[in-house]
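Generate coordinates for the entire structure from the input sequences, incorporating the hints supplied.
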Amino acid sequence: SQQGEEDPQALSIQEGENATMNCSYKTSINNLQWYRQNSGRGLVHLILIRSNEREKHSGRLRVTLDTSKKSSSLLITASRAADTASYFCATDTGRRALTFGSGTRLQVQP
Amino acid sequence: EAQVTQNPRYLITVTGKKLTVTCSQNMNHEYMSWYRQDPGLGLRQIYYSMNVEVTDKGDVPEGYKVSRKEKRNFPLILESPSPNQTSLYFCASSYTLAMAQETQYFGPGTRLLVL
Numbered sequence: 002s003q004q005g006e007e008d009p010q011a012l013s014i015q016e017g018e019n020a021t022m023n024c025s026y027k028t029s030i031n032n033l034q035w036y037r038q039n040s041g042r043g044l045v046h047l048i049l050i051r052s053n054e055r056e057k058h059s060g061r062l063r064v065t066l067d068t069s070k071k072s073s074s075l076l077i078t079a080s081r082a083a084d085t086a087s088y089f090c091a092t093d094t095g096r097r098a099l100t101f102g103s104g105t106r107l108q109v110q111p
Numbered sequence: 530e531a532q533v534t535q536n537p538r539y540l541i542t543v544t545g546k547k548l549t550v551t552c553s554q555n556m557n558h559e560y561m562s563w564y565r566q567d568p569g570l571g572l573r574q575i576y577y578s579m580n581v582e583v584t585d586k587g588d589v590p591e592g593y594k595v596s597r598k599e600k601r602n603f604p605l606i607l608e609s610p611s612p613n614q615t616s617l618y619f620c621a622s623s624y625t626l627a628m629a630q631e632t633q634y635f636g637p638g639t640r641l642l643v644l
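Protein sequence lines correspond, in order, to chains G and H. Per the numbering used here, the first sequence starts with residue 2, numbered consecutively. Per the numbering used here, the second sequence starts with residue 530, numbered consecutively.
Fair warning: there could be bad hints in the mix.
[As the list claims (entries may be wrong)] Computed cross-link-like contacts, DMTMM-like style, restricted to lysine to aspartate or glutamate with a CA-CA straight-line distance of at most 25 angstroms:
(1) G:27 <-> G:6
(2) H:547 <-> H:530
(3) H:586 <-> G:6
(4) G:27 <-> G:67
(5) G:71 <-> H:585
(6) G:27 <-> H:582
(7) H:598 <-> H:567
(8) G:57 <-> G:16
(9) G:27 <-> H:631
(10) G:70 <-> H:631
(11) G:71 <-> G:8
(12) G:70 <-> G:16
(13) G:57 <-> H:631
(14) H:594 <-> H:530
(15) H:594 <-> H:582
(16) G:70 <-> G:54
(17) H:547 <-> H:588
(18) G:27 <-> H:588
(19) G:71 <-> H:582
(20) H:547 <-> H:599
(21) H:546 <-> H:530
(22) H:586 <-> H:599
[Said to hold, decoys possible] Far from chain H, by Cβ distances over 10 angstroms, these chain G residues were calculated:
(23) 18
(24) 23
(25) 34
(26) 45
(27) 61
(28) 63
(29) 76
(30) 82
(31) 83
(32) 104
Honestly, the hints are just simulated from the structure, not real lab data. Yeah, the Cβ is synthetic: ideal placement off N, Cα and C, and Gly gets one too.
Shown next, in the form of structure tokens:
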């Protein structure tokens, strides 16, 4: 099973609305990252939050981390059509690899 | 421009016909990795390399080989492809293994169909 599981699997919103997607994981982590993937393209790193942090901001992105619940959320505020993409969480558990979830497909309707 | 390149981007082949997918980065990164992406399964790591001549298995190495003879190149070799290797493949790199735990730079992907 996946270390990181995103929820929902798909999300459709109107431009200007906020989009929230969640990630749950199973084992303890050193950090958690969010990546974005445009259709047919490679992943692009968005933001990293360390295990001792609870919240982090970057532009219109806000990430929270609750290590007691083993979960993270990514909030995109004032969404734009260009935010349409798949979003993945990835966890660093101290292994020599990141573990990626299966992603949330976000569709922002203009 | 700093980037990770992969070739080919699209490939259709038949069972058993050996193929190589190339990956090259121009950022002098020590760490390189191969992933496959399948619907509902996210990205799974196939192999990684921490430096020249140092490679190791990821989570799904069966049916794949890699080599790291030069720092910039990390080819993925399918000696005898099978239909279950039909997937979208990504190469990624980072400065070091430690940095790879914080951010990785991905290539554009190679879509492989094995008939």
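Hints versus structure:
1. This hinted pair checks out: residue 27 of chain G and residue 6 of chain G have alpha carbons roughly 9 angstroms apart, not beyond 25 angstroms.
2. Note on residue 547 of chain H and residue 530 of chain H: the hinted pairing is violated, with a Cα-Cα distance of about 32 angstroms set against a maximum of 25 angstroms.
3. A C-alpha spacing of about 23 angstroms is found between residue 586 of chain H and residue 6 of chain G, which places the hinted pair at or below 25 angstroms, so the restraint holds.
4. For the proposed pair residue 27 of chain G and residue 67 of chain G, the alpha carbon gap of about 12 angstroms is at most 25 angstroms, so the pair holds.
5. Pair hint residue 71 of chain G plus residue 585 of chain H does not hold up; C-alpha atoms about 29 angstroms apart against a cutoff of 25 angstroms.
6. Between residue 27 of chain G and residue 582 of chain H the CA atoms are separated by roughly 33 angstroms; this puts the pair beyond 25 angstroms, and the hint is violated.
7. Among the hinted pairs, residue 598 of chain H with residue 567 of chain H is inconsistent with the structure: their alpha-carbon atoms are about 29 angstroms apart, more than 25 angstroms.
8. Distance restraint check for residue 57 of chain G and residue 16 of chain G: the Cα-Cα separation of roughly 23 angstroms lies within the 25 angstroms cut-off, and the hinted pair is therefore satisfied.
9. Distance hint between residue 27 of chain G and residue 631 of chain H is fulfilled; the C-alpha atoms sit about 19 angstroms from each other, no more than 25 angstroms.
10. With a C-alpha separation of about 22 angstroms, the suggested pairing of residue 70 of chain G with residue 631 of chain H holds against the 25 angstroms cut-off.
11. Between residue 71 of chain G and residue 8 of chain G the CA atoms are separated by roughly 13 angstroms; this keeps the pair inside 25 angstroms, and the hint holds.
12. For the suggested pair residue 70 of chain G and residue 16 of chain G, the alpha carbons sit about 31 angstroms apart, so the restraint of at most 25 angstroms is broken.
13. Between the alpha carbons of residue 57 of chain G and residue 631 of chain H the distance comes to roughly 15 angstroms, so the proposed pair stays at or under 25 angstroms and holds.
14. With a C-alpha separation of about 29 angstroms, the suggested pairing of residue 594 of chain H with residue 530 of chain H is violated against the 25 angstroms cut-off.
15. For the given pair, residue 594 of chain H sits about 13 angstroms from residue 582 of chain H by alpha-carbon distance, which is consistent with the 25 angstroms threshold.
16. For the suggested pair residue 70 of chain G and residue 54 of chain G, the alpha carbons sit about 14 angstroms apart, so the restraint of at most 25 angstroms is met.
17. Restraint check for residue 547 of chain H and residue 588 of chain H: the C-alpha separation of about 22 angstroms stays at or below 25 angstroms, so the hint holds.
18. The straight-line distance between the Cα atoms of residue 27 of chain G and residue 588 of chain H is roughly 17 angstroms, inside the 25 angstroms bound, and the hint therefore holds.
19. Restraint check for residue 71 of chain G and residue 582 of chain H: the C-alpha separation of about 37 angstroms exceeds 25 angstroms, so the hint is violated.
20. The straight-line distance between the Cα atoms of residue 547 of chain H and residue 599 of chain H is roughly 22 angstroms, inside the 25 angstroms bound, and the hint therefore holds.
21. Of the pairs offered as hints, the one joining residue 546 of chain H and residue 530 of chain H is violated, with about 34 angstroms between alpha carbons and a cut-off of 25 angstroms exceeded.
22. With a C-alpha separation of about 18 angstroms, the suggested pair residue 586 of chain H and residue 599 of chain H falls inside the 25 angstroms cut-off, and the hint holds.
23. Listed as a non-interface residue, residue 18 of chain G keeps its Cβ farther than 10 angstroms from every Cβ of chain H; the least gap is roughly 26 angstroms.
24. Non-interface call for residue 23 of chain G relative to chain H: holds, since the shortest CB-CB distance, roughly 15 angstroms, exceeds 10 angstroms.
25. Look at residue 34 of chain G: its CB is around 7 angstroms from the nearest CB on chain H, not clear of 10 angstroms, so calling it non-interface is violated.
26. Not every Cβ of chain H is farther than 10 angstroms from the Cβ of residue 45 of chain G; the closest lies at roughly 7 angstroms, contradicting the non-interface assignment.
27. For residue 61 of chain G, the shortest C-beta to C-beta distance to chain H comes to about 19 angstroms, beyond the 10 angstroms cut-off, and the non-interface label holds.
28. The non-interface label for residue 63 of chain G is consistent with chain H: the shortest C-beta to C-beta separation is roughly 19 angstroms, beyond 10 angstroms.
29. With a cut of 10 angstroms on Cβ distances, residue 76 of chain G stays outside the contact zone with chain H, its closest approach being about 20 angstroms.
30. Under the 10 angstroms C-beta cut-off, the non-interface status given to residue 82 of chain G relative to chain H holds; the minimum distance is some 22 angstroms.
31. Listed as outside the interface, residue 83 of chain G is consistent with that label: its C-beta sits roughly 18 angstroms from the nearest C-beta of chain H, beyond the 10 angstroms cut-off.
32. Consistency note on residue 104 of chain G: stated as away from chain H, yet its beta-carbon is not over 10 angstroms from all of that chain's, at 6 angstroms minimum.
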